[in-house]
Every structure is written in structure tokens, then in C-alpha cells.
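Line by line, the protein sequences are chains A and B.
Numbering of the first sequence is given in the working numbering, commencing with residue 1 and proceeding in unit increments.
Numbering of the second sequence is given in the working numbering, commencing with residue 1 and proceeding in unit increments.
Do not take every clue at face value.
To be verified - Partial list, computed: chain B residues near chain A (C-beta under 7 Å):
(1) ALA17
(2) ASP77
(3) TRP101
(4) LEU103
As the list claims (entries may be wrong) - Distance ranges between label pairs, derived from CB positions:
(5) B:ARG41 <-> A:SER83: 12 to 22 Å
(6) A:SER84 <-> B:LYS2: 15 to 25 Å
(7) A:ARG44 <-> B:GLN69: 29 to 39 Å
(8) A:THR20 <-> B:PRO10: 18 to 28 Å
Don't read these hints as lab results, they were simulated from the structure.
Glycine included, C-beta positions come from ideal geometry on N, C-alpha and C.
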Amino acid sequence: DAGITQSPRHKVTETGTPVTLRCHQTENHRYMYWYRQDPGHGLRLIHYSYGVKDTDKGEVSDGYSVSRSKTEDFLLTLESATSSQTSVYFCATGAEYEQYFGPGTRLTVT
Amino acid sequence: RKEVEQDPGPFNVPEGATVAFNCTYSNSASQSFFWYRQDCRKEPKLLMSVYSSGNEDGRFTAQLNRASQYISLLIRDSKLSDSATYLCVALSAGNNRKLIWGLGTSLAVNP
């Protein structure tokens, strides 16, 4: 498995506060992805990156921004958290088409 | 219609049984497919990649039928540890490397 870590693993925050989730990889993979997973929706792509400073939107990008200043780090920011953003967030990386996932961050917005 | 559709199950089978899941996809331009397994409250883990007609890895066999636009996963000699949700995934046509995820099929292997 790719060496992928996510932090924090669990977070409870209040509506309206900004939140940043971090994904760190040690595999030197070019591609990195942020997903959210919710019951009944499966995995949905939020944003992805195809290189340092190169990012693009996924299918559910509203309310989220990302940054990638180094190959190994991909940050996801919820600019002003809402209850609808309560979810499990997974980071994934890949060198080609296969994607390898981090352990996830369980985020609750109250 | 979802781009990747799976029977959600659950499939309940005894240990040692053979079980098969089917997955259909709507975009005939999709070229590559994957099966992931996901344990409860854990991350998805890549089980198998399917780039041509099929792939086999031990007790697991994946087959691709492009004419009918479906992928199957066969598990032989089921183990208790095979209990999980199996996610069917299609690579989006084009160069963006986006994956299209099914909602998963739940498998419970019983003693």
C-alpha cells in the first residue's frame, strides 16, 4: 500500500468555522485526490491534483478549496463549514490509473 | 441512470461457497476497470485491475464483457475475511484519470 496519512483522523467543528484537512504521501505519486463518502452516494470526487500547484475541480467542489505546494502534501480546506459537509473524507494518490487511499478523516460539523 | 451500477446485496454465503457480483457501466468508451474492497469504517483498498478481458488473482477472478458493458467479480472458496463491500469502478473516458464509483455490493460470509 502507498504510504498515505491523513490528519486529523477525527474532527468536530462548528458551523461557519474554516477547517483544513491534510493528506501526506511518501510514494512520490503525481496524482492526488480528495473524496467524500456518504451513505447512499458512495465516493464523490471533490478536487484532484495532477502535480504541484496543478489542481482541478471534481463533481462536488462547492465550498471546498485545495492546495498542493509540494508533491507529498495535498490540503483540503472547508472555507466555512456547514452541516452538509459532515462526512468521511478520503485522500487518494496514484502514479497512473490505480488509486490508493488514506485511512480517512471523520468530520462532524455541528 | 448511474454510470456504474451494482446490486447492493447483501449477499449472504457460507464459508467455502463461490459467489459472483456483476457491475454494469453506461459509458462504452471506458477502457479500464477496477474492483476495490472496503471494510466497515475503513478506506477502500484496490483488489484487482481489469484492463483487458479479465484478470485472476488467487481465489478472485474478474471478467470484462465489453459487448454487454459489464464486469464481474468471482470469489471462490469464500473466507470469513472476505466479508466486506466490493466497489466496482470505471476509469472515466478521456485523459483526466477520474474514477467513476459504484455504490458497492455487500458480502457477508457466514461460518
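Okay, the hints, checked on the actual structure:
1. ALA17: violated, 26 Å
2. ASP77: It is violated, given that the least Cβ distance between ASP77 (chain B) and chain A is near 24 Å, above 7 Å.
3. TRP101: holds, 4 Å
4. LEU103: holds, 4 Å
5. B:ARG41 <-> A:SER83: 12 to 22 Å: holds, 21 Å
6. A:SER84 <-> B:LYS2: 15 to 25 Å: This hint holds: roughly 21 Å between Cβ atoms.
7. A:ARG44 <-> B:GLN69: 29 to 39 Å: For ARG44 (chain A) and GLN69 (chain B) the Cβ distance comes to about 22 Å; the hint is violated.
8. A:THR20 <-> B:PRO10: 18 to 28 Å: Violated, at about 37 Å.
This entry does not satisfy hints 1, 2, 7, 8, going by the numbered hints stated previously.
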